[in-house]
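*Asks:* One letter stands for each residue in the lines below.
Protein chains: 4
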Amino acid sequence: MSNLIRFGMSLDERLLKDFDALILRKGYANRSEAIRDLIRDSLVNEKLELGTEEAVGIITLVYSHDTRTYRDLLSDLQHKYFHSIISTIHVHLDRHNCLEVIVAKGKGSEIKKIADRLIGTKGVKHGKLALTTTGKGLV
Amino acid sequence: MSNLIRFGMSLDERLLKDFDALILRKGYANRSEAIRDLIRDSLVNEKLELGTEEAVGIITLVYSHDTRTYRDLLSDLQHKYFHSIISTIHVHLDRHNCLEVIVAKGKGSEIKKIADRLIGTKGVKHGKLALTTTGKGLV
Amino acid sequence: MSNLIRFGMSLDERLLKDFDALILRKGYANRSEAIRDLIRDSLVNEKLELGTEEAVGIITLVYSHDTRTYRDLLSDLQHKYFHSIISTIHVHLDRHNCLEVIVAKGKGSEIKKIADRLIGTKGVKHGKLALTTTGKGLV
Amino acid sequence: MSNLIRFGMSLDERLLKDFDALILRKGYANRSEAIRDLIRDSLVNEKLELGTEEAVGIITLVYSHDTRTYRDLLSDLQHKYFHSIISTIHVHLDRHNCLEVIVAKGKGSEIKKIADRLIGTKGVKHGKLALTTTGKGLV
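Chains as they are written, first to last, in the working numbering: chain A, 1 to 139; chain B, 1001 to 1139; chain C, 2001 to 2139; chain D, 3001 to 3139.
Isolated chain A (complex conformation) (with noise of 0.2 Å):
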């Protein structure tokens, strides 16, 4: 943990009101909390953009109960990039529908990659990259 710095800012008197509304909402402790989250969300942004660092991807897969393809292909790609796959959850969604959560860590282009592969699997009904900061040198 580093020092905090304290500093002055000015903000318009609306734009104020409005603000700590949304903070309200979003259940902030206050008004700092609320803007370090921005300022943090920023920098984040620009690094996943950049794509060159180390990212996390949660890549979110919704595919039928009823396929088998779709396992033997996990266990596979697994075994292929076993050193980015950190761990997978899996949630039974209905009778017929799995969820699977595979969070992956590693250059957001690789990371890219293994999210295509599955999504492009047959049997997974829908898939999802998201990609976010490893958290390394954000405080």
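Careful: at least some of the hints might be erroneous.
Keeping only pairs whose Cα atoms sit at most 30 Å apart, straight-line, the calculated DSS-like set for lysine-lysine is [unchecked claim]:
#1 B:1107 x C:2128
#2 C:2107 x C:2122
#3 D:3107 x A:105
#4 D:3113 x D:3136
#5 B:1047 x B:1107
#6 C:2128 x C:2080
#7 D:3080 x D:3105
#8 C:2113 x C:2128
#9 B:1107 x A:107
#10 D:3122 x D:3136
#11 B:1026 x D:3105
#12 D:3080 x A:128
#13 D:3113 x B:1122
#14 D:3128 x C:2128
#15 A:26 x B:1136
Stretch-level coverage of chain C by chain D, calculated; a stretch enters the list once three of its residues show a Cβ under 8 Å from a Cβ in chain D [as the list claims (entries may be wrong)]:
#16 2028-2039
#17 2092-2102
#18 2112-2125
It is worth saying that the hints were derived from the structure and are not from the lab.
This one's a predicted model, so the numbers in the text were calculated from it and none came from an experiment.
The beta carbon of each residue, even a glycine, is placed where N, CA and C say it ideally should be.
Put chains B, C and D on the given structure of chain A with help from the hints.
*Replies:* Okay, now just chains B, C and D, sitting in the frame of chain A:
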């Protein structure tokens, strides 16, 4: 213009250093200006998500110069939605491709309907809708 | 499983060539499979935009291992929203950073409220919400 | 114009029914037209993500009519980036708010730099960048 309110906030030293570097890269005059933008951005995004308030839609269409169909339909649509479409800009991208940027104002849902109709038109190669604020109530 | 319908479609030669190359890069088995995914994607996106139907939300939080606050609040929230939160995965990113992936199910608006509360919590460095389909009604 | 290739594909009956309904809502003439748009969209998105090819950027700025600063800077920037900025559209949103839509052409990274400079300018309340294709090589 309403009053400026001054308040203090605290930020971790390292986070502040990273943010100051980002501010520089993005060309902001100072911290207050950059934080104000983040705050306005979060307010605008919340309103646009709700979709109930008036918004401005920027519809971008890339289409083949050669197709007559598009231009005919556009004038039809402009008659039908004339109260929503404010303005149009036309750019000759190259010998074959035209870009048309259409500015519309209205409820988010209505703007989406107009955008869908335009993007779905034969001859339109690619279309996109970006929603933004009317600036009303935003200081 | 319902019946498969076969139908023909025409595509410009060059567009088809580019698409076939994309299919290969993304690892699809064949054109039908790739087009099916595009179709399902457009159906899912339309439903998620409406926000009225049940959805699955993947909330991703990166937070400092050291903070107690977060874990305490999470258990509070899990009591409050226990009927929406299905499952949680926890990953130790490094010595200081934790990743928590929370899977919630419900109306889009309710999931957003839960995500806001979690992302707004002190100690959470970065948070993200990705909405996806429950798979219901999606073949 | 190159040749049209005809090919067959199979789709689940229920998925096809849902897609036909979507096509109707979006105003497409027929299935081929709708699928072509999905295909082109996936090709464009892949290229834009890479960021290496030439793109068209639509920069949308909402700013206060009263501020002089913005207009002065814009002319400065237009001199600096004149080779990238193709065209500009100006809309009077209401008595206080102006909308400016700027069309720029170039590498994605350069367009982002221009957008950052413009959005970061004092007096600009809200700014947004949407990237699209130049249409080149897209049939």
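*Asks:* Each hint: holds or not?
*Replies:* Evaluation of the provided hints:
1. B:1107 x C:2128: holds (27 Å)
2. C:2107 x C:2122: holds (26 Å)
3. D:3107 x A:105: With a Cα-Cα distance of about 28 Å, the restraint between residue 3107 of chain D and residue 105 of chain A holds, given a limit of 30 Å.
4. D:3113 x D:3136: With Cα atoms ~23 Å apart, residue 3113 of chain D and residue 3136 of chain D stay inside 30 Å; holds.
5. B:1047 x B:1107: holds (11 Å)
6. C:2128 x C:2080: Cα-Cα ~20 Å, so holds.
7. D:3080 x D:3105: holds (14 Å)
8. C:2113 x C:2128: Holds: residue 2113 of chain C and residue 2128 of chain C sit about 12 Å apart, inside 30 Å.
9. B:1107 x A:107: Given that 30 Å is the threshold and the Cα spacing comes to 40 Å, the pair is violated.
10. D:3122 x D:3136: violated (36 Å)
11. B:1026 x D:3105: holds (19 Å)
12. D:3080 x A:128: With Cα atoms ~40 Å apart, residue 3080 of chain D and residue 128 of chain A exceed 30 Å; violated.
13. D:3113 x B:1122: Violated - the C-alpha atoms of residue 1122 of chain B and residue 3113 of chain D are around 34 Å apart, more than 30 Å.
14. D:3128 x C:2128: Satisfied, since the Cα-Cα distance of roughly 20 Å is no more than 30 Å.
15. A:26 x B:1136: holds (22 Å)
16. 2028-2039: holds (count 6)
17. 2092-2102: Result for this restraint: violated, n = 0.
18. 2112-2125: Violated, because only 0 residues of the segment 2112-2125 of chain C bring their Cβ atoms closer than 8 Å to Cβ atoms of chain D.
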